[in-house]
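Engineer: Once you have looked at the hints, place chain B with the ligands on chain A.
Here is what each chain is made of, one letter per residue.
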Amino acid sequence: MESVLEVRNVETYYGAIMALRGVSLDVKAGRIVTILGANGAGKTTLMKTVSGLMDPEKGQIRFLGQRIDGLDPDRIVNMGLAHVPEGREVFPYLTVAENLRLGAYTRKGGGIAEDIDLVYAYFPILKERRGQVAGTLSGGQQQMLAIGRGLMARPRLMLLDEPSLGLSPLLTQEIFAIIARLNEEQGVTMLLVEQNAHIALQTAHEGYVLELGRIVMAGTSEELQASEDIQEFYLGRQGETQRAQKRWKRRKTWR
Amino acid sequence: MRAEAISPRRGHDVIQLLIGGIASGCIYGLVALGFVLIYKATEGVNFAQGDMMMLGAFIALGCVNSGYLGLAFLPGVLLAAAVMGGIGYGIDRLVVRRIFGQPQFALVILTIALGFVLRFVAGTIWGYTPLVLETPYAGQAVRIGGVIIGVEDIITILVTAGLTLLLWLFFARTRIGLAAQAASQNQLAAYIVGIPVRRVNSLIWGLSGAVATVAGVLYASKGAIDPNIGLLGIKAFAAAVIGGFGSLPGALLGGILIGVVEPLAARYLPGGFSQMSPYILMLIVLVTRPAGLFSQIQAKKV
Ligand SMILES: Nc1ncnc2c1ncn2[C@@H]1O[C@H](COP(=O)(O)OP(=O)(O)OP(=O)(O)O)[C@@H](O)[C@H]1O
Ligand SMILES: [Mg+2]
Chain A
8 MESVLEVRNV
18 ETYYGAIMAL
28 RGVSLDVKAG
38 RIVTILGANG
48 AGKTTLMKTV
58 SGLMDPEKGQ
68 IRFLGQRIDG
78 LDPDRIVNMG
88 LAHVPEGREV
98 FPYLTVAENL
108 RLGAYTRKGG
118 GIAEDIDLVY
128 AYFPILKERR
138 GQVAGTLSGG
148 QQQMLAIGRG
158 LMARPRLMLL
168 DEPSLGLSPL
178 LTQEIFAIIA
188 RLNEEQGVTM
198 LLVEQNAHIA
208 LQTAHEGYVL
218 ELGRIVMAGT
228 SEELQASEDI
238 QEFYLGRQGE
248 TQRAQKRWKR
258 RKTWR
Chain B
5 MRAEAISPRR
15 GHDVIQLLIG
25 GIASGCIYGL
35 VALGFVLIYK
45 ATEGVNFAQG
55 DMMMLGAFIA
65 LGCVNSGYLG
75 LAFLPGVLLA
85 AAVMGGIGYG
95 IDRLVVRRIF
105 GQPQFALVIL
115 TIALGFVLRF
125 VAGTIWGYTP
135 LVLETPYAGQ
145 AVRIGGVIIG
155 VEDIITILVT
165 AGLTLLLWLF
175 FARTRIGLAA
185 QAASQNQLAA
195 YIVGIPVRRV
205 NSLIWGLSGA
215 VATVAGVLYA
225 SKGAIDPNIG
235 LLGIKAFAAA
245 VIGGFGSLPG
255 ALLGGILIGV
265 VEPLAARYLP
275 GGFSQMSPYI
285 LMLIVLVTRP
295 AGLFSQIQAK
305 KV
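First to last, the protein sequences are chains A and B.
Every position in the first sequence, counted from 1, becomes a number in the working numbering once 7 is added.
Every position in the second sequence, counted from 1, becomes a number in the working numbering once 4 is added.
What the hints contain is simulated information worked out from the structure, not anything from laboratory work.
Just so you know, these numbers come straight off a predicted model, no measurement behind them.
Any given hint could be a false lead.
[To be verified] Which bits of chain A does chain B cover? Going by a derived footprint, with three or more residues having C-beta under 8 Å, they are:
hint, stretch
1, 72-81
2, 105-114
3, 179-186
[Stated by the list, open to error] Ranges between beta-carbon positions, derived for each pair:
hint, chain 1, residue 1, chain 2, residue 2, range
4, B, Leu235, A, Asp124, 40 to 46 Å
5, B, Val136, A, Asp62, 52 to 58 Å
6, A, Gly77, B, Phe174, 30 to 36 Å
From the three backbone atoms N, C-alpha and C, an ideal C-beta is built for every residue, glycine too.
Chain A on its own, in the form it takes in the complex (with noise of 0.2 Å):
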């Protein structure tokens, strides 16, 4: 099977601090691949490393068969590697309508609009928020438009960081079945990370486990479920390990 994305002996570091000490990983075409992990085990560095938002100091990265480490985000998302990060990152006073065309902005020629609606298809609740500005809309609201924007670009395979983070469970649900219904239905290919190990090995073929930097397990699904270690740290304590939120926006200080 087509390998869409090749990651191999990445290591990033903020400053001194090393935050991925020689990953490696493969996202088959059509796939959705998990990385399970505890807090600070640097998911959304890898994620931030393979978007080209943070620049390897070591290793290579390939997508679609290309070189992409060390690229522009702008570059990478040309390409057709959508990111959407952890933490509902909209553009606050902007509307609906237009959040959802920046995440066109790459793209040449037509469909946007065709596009748009497809969005609004799986998201109803965008449709009807449309002219509002994405600031007002509620966290569960904002975390669709970013998927929503995501979508936008078309892109072969998309990155989805903490998608419930914050979600009520009724919520979750409904996004990772949308999630699962656009890899089915559209063929997009995902790299998910998700706190919630139980519904992100329900979601995923196959799954990785980050641990402080390090891939320490793989498998697919069945197998990670199965596992005892899984069980014990990522399954049993599902309930703990989520997370209010927390987040605070560090703008600007990431790069």
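Structural biologist: Okay, now just chain B with the ligands, sitting in the frame of chain A:
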């Protein structure tokens, strides 16, 4: 009889004062607009904004005056705005971008130093004796129902209104304008959707250079210019603060407020108040509406 004869004339006086004040306020407002544009793009204050206005005025003078290039007025001014736009773009591309990610005061120091450099450059090229920009409307005035209004004041007000409309159209209606808004609202998300954030920031610097040139030309059509006129930037800074430092219309209104209060204070208050009035206004606004002042920025962080 006498009282009747005097009172309408006094009324005219005040109207003239007001119109002159609005016109100078437009110039403060345009410079304040430059502050806000750059603040929104890079979250830093460009303390060289007044000096960019000064340099723009001199470049326009170099394009238009008969001793220099001697172009026709309008093409000359447009060329100057384009050149200054390029200089603004270049300042960001070659200088400001290098300190990206440094603490805020690095940009403050850098732009203050930049102001000195621009003053020095202008002084070296055009000298320190005041020069007069040759405008086709110099010294003309119209009389509307007994009120005498300088043509340059009318032009200043109309040009400011037109430029404001153009800027609004740019930000609301164009792809790159929407991208600039997006980049100022959420930089991380802007990168993620593929906006070339740094190039957009450079464009904003260029835009603010062009706007500064227009302000400089309007300023120069009211009197002589020398390399120190950029000090007007301090008043424009006060205007931007009064306007909330995050909003383009706020900056313009702050400028007009200062422009109107200054001559009124000169006329009706003891000497000295006029010069202090912009800063007194700024303090009043800061003390009474501290929340309203930076409201947009605070809302952004939540
Ligand atoms: N801007 C930063 N500066 C310094 N260190 C950072 C920065 N961002 C993250 N780190 C560190 O890098 C490590 C990995 O962080 P990362 O955000 O990738 O974790 P995560 O797995 O996404 O955690 P969470 O589940 O809480 O989102 C952590 O130890 C964190 O403290
Ligand atoms: Mg994270």
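Engineer: For each hint, tell me whether it holds in the structure or not.
Structural biologist: Now for the hints, and whether the structure bears them out:
no.: 1; hint: 72-81; in the structure: holds (count 3)
no.: 2; hint: 105-114; in the structure: holds (count 6)
no.: 3; hint: 179-186; in the structure: violated (count 0)
no.: 4; hint: B/Leu235 with A/Asp124: 40 to 46 Å; in the structure: violated (55 Å)
no.: 5; hint: B/Val136 with A/Asp62: 52 to 58 Å; in the structure: holds (53 Å)
no.: 6; hint: A/Gly77 with B/Phe174: 30 to 36 Å; in the structure: holds (33 Å)
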